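For the record, the sequence lines run as chains A and B.
Under our numbering, the residue at position 89 of the first sequence is numbered 89, and the numbers go up by one with no gaps.
Under our numbering, the residue at position 102 of the second sequence is numbered 1102, and the numbers go up by one with no gaps.
Note that these hints are calculated values from the structure, not bench results.
Note that the structure is predicted; figures quoted are calculated from it, not measured.
Heads up, some of the hints might be wrong.
[Unchecked claim] Here are some chain B residues pointing at chain A (derived, C-beta under 10 Å):
id	residue
1	1019
2	1021
3	1022
4	1026
5	1037
6	1041
7	1045
8	1054
9	1055
10	1102
11	1103
12	1109
13	1110
Note that beta-carbon positions come from the ideal geometry of N, C-alpha and C, so glycine has one too.
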Amino acid sequence: MVEANLLLQSEERGDWTVVEVRGEVDLYTAPRLKERLLELIGGGRVRLAVDLDGVEFLDSTGLGILIGALKRCREADGALALVAPRDPVLKVLGITGLDRVFPIHDSVERATGG
Amino acid sequence: MWEGSDAGPEATLELPPDAAYIATARIFGSALARHYGVPEGAIEDLKLGLSEACAALVRGSTERILVGATPLDRRLRYRVSGGSLPGAGTAEDDTPSSLAGIGLELIEALFEDAEVAAGEQGASVSFSVPAG
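Taking the hints into account, I'd like the entire structure generated from these sequences.
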C-alpha cells in the first residue's frame, strides 16, 4: 500500500557503500531499511554511509534500526555514518543524544573520505 | 476561528491497528494543525508525537486506534487511544534495550503537557501544540 513511502538505493564507493534513503522511516517502512542494511553488512559491506538527505521523517523505530546497524558494522571493524540529516531528523538525534553516537557529515564525500 | 476560549469541534480519525496507517495519522494531524495555524516547527514535533503514539499502541493492541484533535484555548490537543501499550522495556528484534520504549520518552521530551495513560478502558497518549 505504501511501498512508495520509502525508497532505497545503494552504491559502492571503494570500501564504502552509500545507502540513499528517501521518504519516511517509521514502524511500517523501517523493516525494509533494516533488511537492506543487514543484507549489505552480511555481504561484507561494513562501511556504510547512510544518506538521509531525502528522509522527510524518521522516528524511534528508524533510530533503532540505525543503532543496530551501527553496532553490527563496528563489531565487524567497520563503520556507519549518517549523511545530511534534515532538521527534524537532527532534532530527534539531538533529543535522544544519538547525535553524539553517530558520526554525522554534511556530504557523502566527507563521510567516505573520497 | 477562535472565539475566546471556546473549545472547537473535535476531529477524529479511526484506524486499523496496522503500522501501514501510521503515516495516515501523521497526514491527518498535520493537515489539521495547518488549518488551525500551528507553526511549522510544532507540526514537525506533532508528527513525531503522533507517529510514536500510534506505533506504541499498534504494537500493543489488536484494537482500532483513534486519533483525535480538539482545539481549545489557542492550542490543539491531540489524543491517540487504543487497546494497550506494550510492556516497559519491550524491544523490537535486536533493538538495544536502551532504546526500548524510547518512543513515549520522546513524546514526553517534546511536549510539556504530554500524558500517557493505561487502564482497563485502554491506553491513551495525549499532548498539545500551540495554534494560531
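Tested hints:
1. Look at residue 1019 of chain B: its Cβ gets to within about 4 Å of chain A, closer than 10 Å, so that hint holds up.
2. Taken as an interface hint, residue 1021 of chain B checks out: its beta carbon lies about 8 Å from the nearest beta carbon of chain A, inside 10 Å.
3. With a cut of 10 Å, the hint placing residue 1022 of chain B at the interface with chain A holds, because the nearest CB-to-CB distance is about 5 Å.
4. Annotation: interface hint on residue 1026 of chain B holds; nearest CB of chain A at approximately 7 Å, less than 10 Å.
5. A distance limit of 10 Å between C-beta atoms decides the matter here; for residue 1037 of chain B the minimum to chain A is near 20 Å, and the interface restraint is violated.
6. Because the beta carbon of residue 1041 of chain B sits about 9 Å from the nearest beta carbon in chain A, less than 10 Å, this interface hint is met.
7. Interface restraint check: residue 1045 of chain B against chain A, minimum CB-CB distance 8 Å, threshold 10 Å, status holds.
8. Interface restraint check: residue 1054 of chain B against chain A, minimum CB-CB distance 8 Å, threshold 10 Å, status holds.
9. With 10 Å as the threshold, the beta carbon of residue 1055 of chain B comes within range of chain A, its nearest partner Cβ sitting at about 4 Å, so the hint holds.
10. Because the smallest distance between the Cβ of residue 1102 of chain B and any Cβ of chain A comes to about 5 Å, under 10 Å, the interface hint for this residue holds.
11. The interface hint given for residue 1103 of chain B is met, as the beta carbon of that residue sits about 4 Å from the closest beta carbon of chain A, less than 10 Å.
12. Interface hint status for residue 1109 of chain B: upheld, as the beta-carbon distance to the closest one in chain A is roughly 5 Å, under 10 Å.
13. Given the 10 Å rule on beta carbons, the hint for residue 1110 of chain B holds: about 7 Å separates it from the nearest Cβ of chain A.
Comparing the model with each numbered hint stated earlier shows that hint 5 is the single one that does not hold.
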